[in-house]
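On the provided structure of chain A, position chain B as indicated by the hints.
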Amino acid sequence: ETGVTQSPTHLIKTRGQQVTLRCSSQSGHNTVSWYQQALGQGPQFIFQYYREEENGRGNFPPRFSGLQFPNYSSELNVNALELDDSALYLCASSLGGTGLSSADTQYFGPGTRLTVL
Amino acid sequence: KNEVEQSPQNLTAQEGEFITINCSYSVGISALHWLQQHPGGGIVSLFMLSSGKKKHGRLIATINIQEKHSSLHITASHPRDSAVYICAVLGSARQLTFGSGTQLTVLP
Numbered sequence: 267e268t269g270v271t272q273s274p275t276h277l278i279k280t281r282g283q284q285v286t287l288r289c290s291s292q293s294g295h296n297t298v299s300w301y302q303q304a305l306g307q308g309p310q311f312i313f314q315y316y317r318e319e320e321n322g323r324g325n326f327p328p329r330f331s332g333l334q335f336p337n338y339s340s341e342l343n344v345n346a347l348e349l350d351d352s353a354l355y356l357c358a359s360s361l362g363g364t365g366l367s368s369a370d371t372q373y374f375g376p377g378t379r380l381t382v383l
Numbered sequence: 395k396n397e398v399e400q401s402p403q404n405l406t407a408q409e410g411e412f413i414t415i416n417c418s419y420s421v422g423i424s425a426l427h428w429l430q431q432h433p434g435g436g437i438v439s440l441f442m443l444s445s446g447k448k449k450h451g452r453l454i455a456t457i458n459i460q461e462k463h464s465s466l467h468i469t470a471s472h473p474r475d476s477a478v479y480i481c482a483v484l485g486s487a488r489q490l491t492f493g494s495g496t497q498l499t500v501l502p
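Chains as they are written, first to last, in the working numbering: chain A, 267 to 383; chain B, 395 to 502.
These are computed hints drawn from the structure, not numbers from a lab. Nothing false has been slipped in among the hints.
List of simulated lysine to any residue pairs, SDA-like, C-alpha gap at most 20 Å:
hint: 1; chain 1: B; residue 1: K449; chain 2: B; residue 2: E411
hint: 2; chain 1: B; residue 1: K447; chain 2: B; residue 2: E461
hint: 3; chain 1: B; residue 1: K447; chain 2: B; residue 2: N458
hint: 4; chain 1: B; residue 1: K448; chain 2: A; residue 2: Y373
hint: 5; chain 1: A; residue 1: K279; chain 2: A; residue 2: E341
hint: 6; chain 1: B; residue 1: K449; chain 2: A; residue 2: T371
hint: 7; chain 1: B; residue 1: K447; chain 2: B; residue 2: H463
hint: 8; chain 1: B; residue 1: K448; chain 2: B; residue 2: S418
hint: 9; chain 1: B; residue 1: K447; chain 2: A; residue 2: T371
hint: 10; chain 1: B; residue 1: K448; chain 2: A; residue 2: T371
hint: 11; chain 1: A; residue 1: K279; chain 2: A; residue 2: N343
Same shape as in the complex, but just chain B:
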């Protein structure tokens, strides 16, 4: 079993839909990152959180430390949101452990 599991693996939505991507992890962590990767490889850090909830524009990230679970929400989705969304956790071994990513496609 991977230490970081994401679901779903692939997600197709219509423009304007509310989207949720989930991340579960099995180890103790000091922080959790949500990252966005566009075709070609470039990765952008969206959020880093260790508790509660963060919001940036149409993106919202939540984390429940007790349940070892985080969610990334996108409100009013747009085709430009199409990308791979990756959850990564920072554990005691001083390294980021990544999920395998969720491929999001938003159709116009």
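Just chain A, with the same shape it has in the complex:
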């Protein structure tokens, strides 16, 4: 059983560019959540996907979008990058449709460190 993996580990972009980050879920998990963690802060919820459908969204603009594939891997896309988008982007997978079950544990990937210059 493999854990949650993310790629790339580090990425440098310039303002205005677009970026795609990838996440492979833990085997058997059908739910993926994405988080943005600025330096010195706790993670902020971006959105969650369950069985290829968006299942909840945090307070992020539409230029943050995502996809979940039939194998439950996921992508986070950010368009028109801004300097404030520089952060660690974490994905977490879980087994649980709504994520509301108290038995639902999220397993985090190692993160992608995005720097926007």
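This is chain B only, laid out in the frame that chain A set:
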């Protein structure tokens, strides 16, 4: 005011000390998580609890739903416990809301 508040923000302890990190929240929740984040970013889930108390090795987590408060205790602390400890709550909006973390440094 943040929905999830942790204290202290930074904590330095000597090896062997008993450590307590506190988390207060202001919203109704279905569960509370304690997470550990090491330098480089990787996050490990330590506990998920919705009532009472859980213990795993030297770690103990408690929650008081009425008071909207949780604590994470580390007994016989060790330098390898040095990390950022994050409290996160699962609310009705189907999302985790995180505290800003407590940076723990345990000195040998």
